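A.B. asks: All chains should be modelled from the sequences, with the hints used to inform the complete structure.
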Amino acid sequence: MALHLPLGKGGHVLASLGELAVFIAVAEQGSFVGAGRLLGVSASAVGKRISRLEAELGVRLLQRSTRALALTAEGETVLSRGRRMLEEAAAMRAELEQSSSRPSGVLRLSLPPIGGVMMAELAAFRRRYPEVSLELDYSERNVDIIEEGFDAAIRVGEGGIGKLRSLALPGFRRLIVAAPDYLARHGMPTSAAQLADHQLIHYRSPNSGKLEAWPLVDAEWPRALVCNSVHARLDFALRGQGIACLPDISILRELEDGSLRPLLNSERGEVMSLQLLWPASRGLSARLEALLGFMRQQQNCKARV
Numbered sequence: 001m002a003l004h005l006p007l008g009k010g011g012h013v014l015a016s017l018g019e020l021a022v023f024i025a026v027a028e029q030g031s032f033v034g035a036g037r038l039l040g041v042s043a044s045a046v047g048k049r050i051s052r053l054e055a056e057l058g059v060r061l062l063q064r065s066t067r068a069l070a071l072t073a074e075g076e077t078v079l080s081r082g083r084r085m086l087e088e089a090a091a092m093r094a095e096l097e098q099s100s101s102r103p104s105g106v107l108r109l110s111l112p113p114i115g116g117v118m119m120a121e122l123a124a125f126r127r128r129y130p131e132v133s134l135e136l137d138y139s140e141r142n143v144d145i146i147e148e149g150f151d152a153a154i155r156v157g158e159g160g161i162g163k164l165r166s167l168a169l170p171g172f173r174r175l176i177v178a179a180p181d182y183l184a185r186h187g188m189p190t191s192a193a194q195l196a197d198h199q200l201i202h203y204r205s206p207n208s209g210k211l212e213a214w215p216l217v218d219a220e221w222p223r224a225l226v227c228n229s230v231h232a233r234l235d236f237a238l239r240g241q242g243i244a245c246l247p248d249i250s251i252l253r254e255l256e257d258g259s260l261r262p263l264l265n266s267e268r269g270e271v272m273s274l275q276l277l278w279p280a281s282r283g284l285s286a287r288l289e290a291l292l293g294f295m296r297q298q299q300n301c302k303a304r305v
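Residue 45 in UniProt numbering sits at position 45 of the sequence shown, and the numbers go up by one each step.
Warning: the hint list may mix true and false statements.
Claimed, not checked - Between beta-carbon pairs, the in silico distance windows are:
id, residue 1, residue 2, range
1, Ala184, Ser208, 33 to 39 Å
2, Gly293, Met92, 22 to 28 Å
3, Ser80, Arg141, 25 to 31 Å
Hints listed in this document are in silico derivations from the structure and should not be mistaken for laboratory results.
Owing to the predicted nature of the structure, the values given are computational and were not obtained by experimental measurement.
Just so you know, even glycine gets a beta-carbon here, dropped at the ideal spot from N, CA and C.
C.D. replies: Printed below as a string of structure tokens:
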């Protein structure tokens, strides 16, 4: 979209709307003295600003006489359009003040491809701030928040890095699970070593190309399926195709209804940390500040620099 600026003589951009406001005051008051009284400045100061505006526009706006001031044809045009410009400027200021006090606009977040991460919290945030639109980008890739134009990112791991600040979020556990149908056909493993005799559904990181290690398991066991999608692993596990290692926040419903069963006490395993990260050098927008405040309130999180 082209940007059209008000140009003065020689193509120079008008210095400010101040001269226009002074000119409009003169036109409405009918004299430099009246305009000066209204604006709280001297008549000579008013005259200088009118002369500056005329020089900048390259036209005469007022016919001056000892008795009165009269607008030229060009002055009538500037008066009409100048009023609209000042009204538009006032409306813009009011809109900006309103947007700064009430969060609005698009909030871009990068999230790990783990189903369930912050879904309940983000839905509750949208209910409180309906003027904020969420743009969620799910990717295993560690995005460059600043260069790629994200407001913030959620990542698995500890603390802020480099130029980022962080807010600790509630973590999750990775559970070793299987469907009752699979366990009925292949038996229930009672030790990590017995996993070597089972069909395992693995996850390969697109970043490192390595298979994700399982909790309680040191060796690389047989591969019935390898993929880089939580949803695909969940679907295959539900269909009885093998044993999978999945984030507990992604399978809450399946654990509750019994369609997946946790194995080997993996629900007691290590808690994986989650962090909400944002640029330390960038001033907080009202929408990001609202999200951070909301998350601290909802999750009782602690900000760390």
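A.B. asks: Give a verdict on every hint.
C.D. replies: Okay, the hints, checked on the actual structure:
1. For Ala184 paired with Ser208, a C-beta distance near 35 Å keeps the hint of 33 to 39 Å intact.
2. Take Gly293 and Met92: their Cβ atoms lie about 27 Å apart, and the range 22 to 28 Å holds.
3. The beta-carbon spacing between Ser80 and Arg141, approximately 55 Å, falls outside the hinted interval of 25 to 31 Å.
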